[in-house]
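**Q** Residue numbers (this note's numbering), protein chains in the order written: chain H, 1 to 192; chain C, 1 to 307.
Just so you know, not all the hints are guaranteed correct.
Claimed, not checked - Cross-link-like lysine-lysine pairs, in silico, DSSO-like; alpha carbons within 27 Å at most: (1) C:K157 to H:K185; (2) H:K95 to H:K115; (3) H:K185 to C:K220; (4) H:K183 to C:K129; (5) H:K115 to H:K162; (6) H:K180 to C:K157; (7) H:K183 to C:K157.
What the hints assert, rightly or not - Covered by chain C, per the in silico footprint, the following chain H stretches (three or more residues, Cβ under 8 Å): (8) 27 to 36; (9) 84 to 98.
To be verified - One-sided and incomplete, this derived list gives chain C residues near chain H with beta-carbon spacing under 8 Å: (10) T36; (11) D43; (12) N47; (13) A51; (14) L58; (15) Q60; (16) S95; (17) Q107; (18) G141; (19) N144; (20) F174; (21) Q177; (22) G178; (23) R179; (24) E228; (25) W269.
I should point out that these hints are in silico values taken from the structure, not numbers from a laboratory.
For glycine and all other residues, C-beta sits at the position ideal for the given N, C-alpha and C.
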Amino acid sequence: MITLNLPVSESAVRALKVGDEVSLHGVVVTARDAAHKLMIEKHPGFLRPLLEDGAIYHCGPVMACENKVWRAVAAGPTTSIREEPYEADVMEHYKVRVIIGKGGMGPKTLEACRKVGAVYVHAVGGAAVVQADWITAVEDVLMLDELGAPEAFWVCRVTGFKGVVTMDANGGSLHDVVLKDTKEKRDALLGL
Amino acid sequence: MKKHFLELIRRAATDLPEDVTRAIERGRDAEACGSTARSALDDVLRNCEVARASSRPLCQDTGTNIWYVYRPADVRERELTRDILAATREATRRSYLRPNAVDSITQVNSGDNTGIRAPVVHFHEWSRKTVHADLLLKGGGCENVAAQLSLPDGSIKAGRDVEGVRKAIIEMVFRAQGRGCGPGIIGVGVGGDRATSMVVAKEQLFRLLEDRNPDETLAKLEERLFAEMNTLGIGPMGFGGATTVLGVKIAKLHRLPASFFVSVAYMCWACRRASVTISCDRATFSQKAQLAAGYVVPGEGKRRPRA
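Just chain H, same shape as in the assembly (with noise of 0.2 Å):
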């Protein structure tokens, strides 16, 4: 297990590869799909002293509000391939060096993880409770009112927050591997 402690260095960063368990310590910032439309086509400058060597989480976490204080109830991954239109732009924009989520992404995103001196992090799909508790704080929440609670930008402070690098910032990515894999499993099973 690699600990990273966010913000985390490019060197750092390019250091890792597939297949590499990491535990993230520091602010994490969650962000889908509106959040991610509106990075690309406004550059919101309030998100760059949070993401510049940070890391994005696709995540659009159940939070609960007591006594106004914000905690998270439920924070597992969400999809991340729905950002592959976008992603490469943010990171360059932001210099973000972690994407965290679930299910990899396309041959842009590793292209800019190479660039950029990026990995993707793959978190467990649902197993949003435990997740929920390595988000030790949520100290703020952008854009609530306006994108709504799955897709605010929660700005989360993690400790220990487990995950598995399957995309690296040499090109290296563990989707590519098992897509190639399974679809010469598929192809004998098919008869083509």
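Let chain H serve as the given structure and place chain C on it in line with the hints.
**A** Relative to chain H, chain C alone:
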């Protein structure tokens, strides 16, 4: 009825059915020691224990809420709908559900899970004096990889026969890869019009994973596909591994001579279903859906229930 419906939502969101848990345990045991796949399923099982114990939604995507409600003639749909909507709003307030209903044109989230065709409710009148409800929570990740093919399909050499149906199902699960939070539960509708075919495919997700299809041809196809698709190597979350599907459940519908649809409703491992029967305002909760009536689980009754 509202309090019973609220409790039904809470159970569906927080307590994974026992048959699904057992299937995940079998999957975990099939994965190599020290593999990412095994570790992922261990995390899933631990997550479900914590969710149940703390009464929290086991996945943050509490999904489309799909209800099947059976009612005696003297209980009105209007009253049941009112109680279901009230329970849904209360469940959202209590964080059993995430606010998940977004206006598709204005992009405004209603904030309480109600809206146009949300939640999804199917009513059936029946001759019993009780009200019964089956509820399934189906997340968006797996809904997005649901698919429908029209036979024949030359690209996969699938014709209009059982073999063609088999190929179409394998192809759709292959295309889904790990994006639907696998290992998946594969509900299939064969035939029908496009819409009904998918509705019936989703209804298969209410079946217990250990049941056996009373239609012998479909039973054999289910068993064969279960074995074959677990050789694809997609594995939990698409990490690669031995467990790509937890179950395959197939139903057939009559079709037009011109049409031959195969519909796959992919369900993530978090197959959150719950049922309740209400009699004189007394509620009995179970994990056996009315939609699964007619499907027998071999050896049922010998198993000890969970403590």
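**Q** Hints the structure violates: just list their numbers, smallest first.
**A** Going through the list in order, the structure violates hints 4, 8, 9 and respects the others.
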